[in-house]
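Once you've looked at the hints, go ahead and assemble the two chains, each given alone in its own frame, into the complex.
Listed here are the chains, written in short residue letters.
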Amino acid sequence: DAGVTQSPTHLIKTRGQHVTLRCSPISGHKSVSWYQQVLGQGPQFIFQYYEKEERGRGNFPDRFSARQFPNYSSELNVNALLLGDSALYLCASSLFQEETQYFGPGTRLLVL
Amino acid sequence: TQLLEQSPQFLSIQEGENLTVYCNSSSVFSSLQWYRQEPGEGPVLLVTVVTGGEVKKLKRLTFQFGDARKDSSLHITAAQPGDTGLYLCAGAQISRARGTSYGKLTFGQGTILTVHP
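As they're listed, the protein sequences go chains A and B. Read in order, the letters of the first sequence correspond to residues 1 to 112 in my numbering. Read in order, the letters of the second sequence correspond to residues 1 to 117 in my numbering.
With the rest of the complex left out, here is chain B (with noise of 0.2 angstroms):
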C-alpha cells in the first residue's frame, strides 16, 4: 500500500510569513499533484509535477518534486489570509490489473492553513 505523509497537519501563522508544507513516501511516484480544498467542496489543482527536481512556481506558491520522485514540497512567500484552506498532496500510481492499466491518486492527510490578518 502506497503511504504519503504530510506535515504538518496544522499550520497557523500571520499575514506575511512564509511557510513550507512537506509530503514524503518510501515509494516513487510517477508525478505529484497539489490541490486545494475549500470546507465541503471538491479539491482544486494547483500544480501538477512529474519530473524529479522539478521547480514550479504559481505565483507566491513555489513546489518542488524530489530528485528520486519520493518526496515534495509547497513553499508559501508572504502568505495572505486568502491563503487559508486544506492543501493537500496527492501521488499517482499507475497500477496494473486484469492485462488493463489506471491511474489512481494516494493522498496525504492534508495540512489545515489558517492565515491570521
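Pulled out of the complex, with its shape left as it was, chain A reads as follows (with noise of 0.2 angstroms):
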C-alpha cells in the first residue's frame, strides 16, 4: 500500500515568493496535518485538517494557508516566504483527526 506522498521534494525560492506544497495522505485516511522541522529540532505542528475543514492551527503566521480537498489530499500555502521559512515540511495523514499519525518523506523547502 502506499504511504504519505508528497511534492515537490526541493524547492528554491526567493524571499518575498509563494510556494504551494501538496500532500496525498494514506488511501482512507481523512484527516491531514502539517509539520515544519527546522534543522536540528523536532517538528513543529501548523495544521490539521479533517474532512476538509480546518480543525486545528499552531503558532504560525498569517502567511501559512492550508486547504483539503474532497480526495483528502492536501495544499500547503506560503506566502511572502522569508529566509526562516528554510525547512523540511512534512505532511502527515491519519485516519480521523486524533489517531497516530503516519509521515510522508517531506517537503525540503530553501529560501534565498
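Just so you know, these hints were derived from the structure itself, not from any lab. A few of these clues could be false.
[As the list claims (entries may be wrong)] Below, a list of computed lysine-lysine pairs in the DSSO-like style, where the Cα atoms sit at most 30 angstroms apart: (1) Lys56(B) with Lys70(B); (2) Lys13(A) with Lys52(A); (3) Lys57(B) with Lys70(B); (4) Lys56(B) with Lys30(A); (5) Lys30(A) with Lys70(B); (6) Lys30(A) with Lys52(A).
[Unchecked claim] Beta-carbon label-pair distances, calculated as ranges: (7) Ile12(A) with Ala78(B): 41 to 51 angstroms; (8) Gly28(A) with Val44(B): 32 to 42 angstroms; (9) Asn18(B) with Pro70(A): 27 to 37 angstroms; (10) His116(B) with His18(A): 36 to 46 angstroms; (11) Asn79(A) with His116(B): 42 to 52 angstroms; (12) Thr51(B) with Gln17(A): 29 to 39 angstroms; (13) Ser30(B) with Thr5(A): 19 to 29 angstroms; (14) Asn77(A) with His116(B): 17 to 27 angstroms; (15) His75(B) with Pro8(A): 37 to 47 angstroms; (16) Pro61(A) with Gln14(B): 40 to 50 angstroms; (17) Gln17(A) with Asn18(B): 13 to 23 angstroms; (18) His75(B) with Thr14(A): 42 to 52 angstroms.
Being a predicted model, the structure only gives us computed values, none of them experimental. Note that beta-carbon positions come from the ideal geometry of N, C-alpha and C, so glycine has one too.
And the structure:
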C-alpha cells in the first residue's frame, strides 16, 4: 500500500515569493496534518485538516494557509517567504483527526 | 504550551552497547509515539503507547510509557550500526477549538544516535 506522498521533494525560492506544497494521504485516511521541521529541531505543528475543514492551527503567522480537497489530499501555501521559512515541511495522515499520524517524506524548502 | 524534553540530545556508542533515551513532560498526553528519522526523510513510526505503565517491545527496542502518561523511555539492547539515526518522541494531545477537536503532536528535540562498528 502506498504511504503518504508529498511533492515536490525539493524547492528553492527567493524571499517574498509564494510556494505551494502538496500532500496525498494514505488511502482511507481522512485527516492531514502539516508540520515544519527546522534543521536540528523536532517538527512543529502547523495545521490539521479533517473532512476538508481546518480543525486546528499551531502558532504560525497568517502567511501560512492550507486546504483539503474532496479526495482528502491537501495543499500548504506560504506567502511572502522569509529566510526563516527554510525547513523540511512534513505532511502526516491519520484515519481520523485524533488517531496515530503517519508521515510522508517531506518537502525540503530553501529560501534564498 | 506543551513541552516535551528529550535526552540525551546526542549519543555515540559502540556496537553491542545498550542505551536509553528519555522523554519527559509536566503535561499528560493521551498517547505517545516514537519515530525514527533518517536525514532528509520523514519520521517513520516505531510505536504508539497509550496506557499508563504500558511496555512494548519491538525486537531489541523496548518502549515504556510512564504511569502518569507524562514520560516515556526507549531502551535499545545490543545496539547495531543500523540503529543509527534521529529518534523522536511525540506526545499526542487532543485539543478543542471552535466546537471541534483535533489531534496535535508535540515533539521532543530528538536524539541523534550514532552506533560505531
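Hint numbers not upheld by this structure, sorted from lowest to highest: Result: hints 8, 9, 12, 14, 17 break, sorted rising.
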